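In the order they appear, the protein sequences are chains R, C and X. If you read the first sequence in the numbering used here, its first letter stands for residue 120, the second for the next number, and so on. If you read the second sequence in the numbering used here, its first letter stands for residue 1201, the second for the next number, and so on. If you read the third sequence in the numbering used here, its first letter stands for residue 66, the second for the next number, and so on.
Some hints could be false.
Below, simulated DMTMM-like cross-link-like pairs (lysine to aspartate or glutamate); rule was C-alpha separation at most 25 Å, straight line [stated by the list, open to error]:
1. C:Lys1355 with R:Glu455
2. R:Lys147 with X:Glu166
3. R:Lys220 with R:Glu424
4. C:Lys1349 with R:Glu342
5. C:Lys1450 with C:Asp1485
6. X:Lys178 with R:Glu342
7. C:Lys1371 with X:Glu88
8. X:Lys178 with R:Asp331
9. R:Lys147 with X:Glu170
10. C:Lys1264 with C:Glu1479
11. C:Lys1371 with R:Glu342
12. C:Lys1371 with X:Asp68
13. R:Lys147 with X:Asp275
14. R:Lys266 with X:Glu88
15. X:Lys178 with R:Glu455
16. C:Lys1286 with C:Glu1382
17. X:Lys361 with R:Asp417
18. C:Lys1264 with C:Asp1328
19. R:Lys266 with X:Glu255
20. C:Lys1355 with R:Glu342
21. C:Lys1349 with R:Glu455
22. X:Lys361 with R:Glu148
23. C:Lys1349 with C:Asp1391
24. C:Lys1286 with X:Glu255
25. R:Lys266 with C:Glu1314
26. C:Lys1399 with R:Glu342
27. R:Lys147 with X:Glu165
28. X:Lys395 with R:Glu270
29. C:Lys1264 with C:Asp1321
30. C:Lys1264 with C:Glu1285
31. C:Lys1355 with C:Asp1391
32. C:Lys1399 with C:Glu1381
33. C:Lys1450 with R:Glu342
34. C:Lys1371 with X:Glu225
35. C:Lys1349 with R:Asp331
36. C:Lys1385 with X:Asp68
37. C:Lys1349 with C:Glu1381
38. C:Lys1399 with R:Glu455
39. C:Lys1355 with R:Asp331
Calculated directly from the structure, the hints in this document are not laboratory data. The structure displayed is predicted, hence computed values, not measured ones.
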Amino acid sequence: MSSASTSSMPLASTGASLCRTLSVQRLKEGLIRTGLFACAGVSILTTFGIVAVLFSNAVYDLSPASTSVNGQVQHNAAFFQQVSIREFVTETRWTPQFSEKHFGILPLVCGTLLVSGIAALIGIPIGLCSAIYLSEYSSPRIRAIIKPVLEVLAGIPTVVYGYFALVFVTPYVLRPFFHDLLGFDVSLFNAASAGIVVGVMIIPMISSLSEDVLRSVPRSLREAAYALGSTRFDVSTRVVVPAALSGIIASFLLAIARAMGETMAVTIAAGQMANVTANPFHSVATMTSYIVNVSLGDTEIGSIEEKSIYAVGLTLFLITLSMNIVSQFVLRRFREVYQ
Amino acid sequence: MNSSPDTMTRTAIDQLEGYSMNAGRSDSAATRGHHVSAVVPAVRPVVTATSSSRLEQTVKFQTKSLDFFYGDNQVLFNVSLDVPEKSVTALIGPSGCGKSTFLRTLNRMNDIIEGTRHTGDVLLEGTDVYAPQIDVVLLRKRVGMVFQKSTPFPKSIFDNVAYGPRVAGLKNRLRLAGIVEESLKRAALWDEVKDRLNKSAMALSGGQQQRLCIARTLATNPDVILMDEPASALDPASTARVEDLIFELKQNYTIVIVTHNMQQAARVSQQTAFFFQGELVETGDTRRLFTNPTQKQTEDYITGRFG
Amino acid sequence: MSDLEVEYAGLLRQRHRIARCFEWCCLIATSSALLFLAVLLAGVIWQAWGWLDLQFLTGFDSRRPSSAGLLAGIWGTFWLILFTTIFTVPVGVGAAIYLEEYSREDWFTRLIKLNLANLAGVPSIVYGMLGVTAFVRMFGMISAADGVTMVISLGFGTLEIPLPLGRCLLAGSFTLSLLILPVVIIASQEALRAVPPSIRHASYALGATDWQTIRHQVLPAAVPGIATGIILALSRAMGETAPLIMIGALTYLAFAPGSLNSPMDAIEDPQRVLDAPFDMFTSMPIQIFNWVGQPKADFQHVAAAGILVLLILLVAFNATAIVIRNRAQKRISW
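Let the sequences and hints guide you as you build the complete structure.
Given below as structure tokens:
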């Protein structure tokens, strides 16, 4: 054909149109899409709900019924409308159930840090060593056996861990060793037993996250290290772990955040004494165990004691959320480097 | 590296066997070292069978009817090759012909991969490197390796070069600095990086990274350097620098290089071995092999009919 | 041989020893976690020995350890998980389908994905606080004092829905649903992502619409992966305690939700089925928690028996998930 612009050939026509038409089919597709979108929106609503509930009860009451009449604070005023943030942060006593009430979060934060610190002491070395073993030493066959078994540890309900801490760890491990042998005063409810079981609980989390990170270190780096006359120890500790360090630390952060939010094991095994103490053999109250204990008792709805759990919950939420965000950020940066 | 190039050409075996031969002793480090050299018999020079056109040369590496398997898959068939000392041997051949696998058997890098096995002998100065008393860590220190993709560790330039001596146990900062400087100078990188030794090695250009990897290998004071397509990922200018470097290094080191690039093989090597489908088809003086190949397959390959 | 080489050779034995020690350390660390698991299981079985009998499974809680039973908890957990499944599956899978199949990589999708990752890390007790306010008290929109009851007549009985919901089983199920939704969505997304695009392209090429493609091609292929994720999430919900305590699950309860004590009751009196979701409740982990806290020493054995039942159920759940996954891997090979 000599001319590209004009064709003498007639256009074929089947009569069927390719134009969009509004049909029942299209309407149905649109409805389904909207429905699915709504499902995805539930997660946003959940976050919004959590923030609103914590904020409304802890910081500033949002419900219309709360007004202060004649300078008298109504029952449903939020926690920080009744207690200053200054007291909350600087006071060292936490005694909402006494007649002389003090609301200093420090003892609870201290208890949480003590328990999660002990958990980290147990969980981080064991978790990291397991990760190194699984990624650098074990054969695929062994790994296929060990990994699911480790996951079982993560699937055991936390009440079971609490039971184990109270019924086995304290009487059969801590008391014989630290009390009978070393002369420490080990109380029945103590931070150490709770910390130990929470530490075991976070092992699978650390080991599986860290193993993923270790395995994403390129094989070529390992080969280069071996070619320079390294033992497997040199390769693991001087090349692979340093190369994966940011990702490993992110996994630690995630696990510690999990330990801080752990509730039942701590409620059962650590007791409920809100003390500022570093003694692992003493009873402590954590943020989570305080919330549970208030819920178990019959506190009046709208009372300051009931409101206080939201202030504690908000504190816990902010701490764990920031740790989660930081570790996700670090993990994403890490993956960008090696992919 | 406080030794002159001459002292670097010491026997390799006495080092390799050092570990296990002294397994039962508790002497001090120094005396142990002396014992080693006393126990090991003197190295016999082996006459190269293949290089009739050249002077008699000491054989550094020798493989005898080497077969190699990945699981049930045989990738090397009856490979017998002599690698002369202080020269460059190029391994050429199409992709998947087994030349890289062959290279990796020389310093036992294939040990890392599960399900590999071999039959036949790989002799370094007459000693089987797969013998049970051989310490693979020392073997790899003697027989360095440079990879296709530059693999700097995510550390500083200094720490990269100092890695080998450090894992070997050297802690003295001053001696480390000396080794790092000497290695970088030999790898012709010193002038470019001397002002930023503590900066990350990842920030270097591709060509610089590859020369850093060579420097890192030199720092462990090897006899032999194995290079697996060291310039294939580099631009022409960087390739030229690496080739110059190889040319320099052959005065002191035995070099085995795998390359896809036949011009490169012709430029840098004295001996060339042509691999095809896991077999060593032809080997000989580089100039002779490229101008007058005896095998049809070699001729087809070097004239570009396949590959 | 240079001095340096002599020094290196001398250190070699030590290096190998350190390397071996390190390998042993890693191996011991790994096995210590496994050992802990073994000791825990052995300890629980030892404590529960002789206490896990028919009376324990069919009886209600009691002040006397010898006659305490788990029935209220078993029924409570059954109803909780049933309703949690009913709420979670459509919403979770729907959200995953939207995120994987419909959404574009815009700011809203990124927000949802970031949000999901963070929700998965929120402590469960915080969900409990949300549940109390949102479901038990319904944000105080209807005060508990002048609560309303919605009555819906069905053929075989009447559905009486209290508003606000109060401390009822349904509020607990809603809370558990929100708790496991992020996990279910993330697992379902992964299952959908594993379906090769070629299947979708083939379907589109035949003129199918988006939903037809998903409904008939993508979803069936992803079902094993989704089911595995859901079962694992439900087994987590089954062991959850703290949020339910917040909701107000009772630690001591001598009846099952709706007074439905055996499956026969449901046939004899269908009204009980309709009552169950709005009744007070307890659950297995909550009963265990209660027994652990009892001063009488024998309750430790009762708690151990309860733990054993709970663990056996969890093992059954997980085994089902593993079987589904393995069968799917055998059946489908892309």
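Checking one constraint from the list: CA of Lys361 of chain X to CA of Asp417 of chain R, max 25 Å. Satisfied?
This hinted pair holds, its Cα atoms lying about 23 Å apart.
Hint check: Lys1349 of chain C vs Glu342 of chain R, CA-CA at most 25 Å. Holds or violated?
holds, 11 Å
Between the alpha carbons of Lys1349 of chain C and Asp331 of chain R, is the straight-line distance 25 Å or under?
Since the Cα atoms of Lys1349 of chain C and Asp331 of chain R sit roughly 23 Å apart, the hinted pair holds (cutoff 25 Å).
Does Lys1371 of chain C pair with Glu342 of chain R here, judged by a C-alpha cut-off of 25 Å?
The given pair, whose Cα atoms are some 23 Å apart, holds under the 25 Å limit.
Are Lys220 of chain R and Glu424 of chain R close enough, with their CA atoms no more than 25 Å apart?
Given that 25 Å is the threshold and the Cα spacing comes to 9 Å, the pair holds.
Is the Cα-Cα distance between Lys266 of chain R and Glu1314 of chain C 25 Å or less?
holds, 20 Å
Given the hint that Lys1450 of chain C pairs with Asp1485 of chain C, test it: the Cα-Cα distance must not exceed 25 Å.
holds, 16 Å
Restraint status (C-alpha distance of Lys1286 of chain C to Glu255 of chain X at most 25 Å):
Violated. Lys1286 of chain C to Glu255 of chain X sits at ~55 Å, over the 25 Å cutoff.
Take the C-alpha atoms of Lys266 of chain R and Glu255 of chain X, compute the straight-line distance between them, and say whether it is at most 25 Å.
Within the cut-off at roughly 19 Å; holds.
Compare the distance between the alpha carbons of Lys266 of chain R and Glu88 of chain X with 25 Å, and conclude whether the hinted pair is satisfied.
holds, 18 Å
Tell me if the straight-line CA distance from Lys147 of chain R to Glu165 of chain X falls inside 25 Å.
holds, 19 Å
Would you check the hint for Lys1264 of chain C and Asp1328 of chain C, treating anything up to 25 Å between C-alpha atoms as holding?
holds, 10 Å
Violated hints, listed in ascending order, are 6, 22, 24, 34; each of the other numbered hints is respected by the structure.
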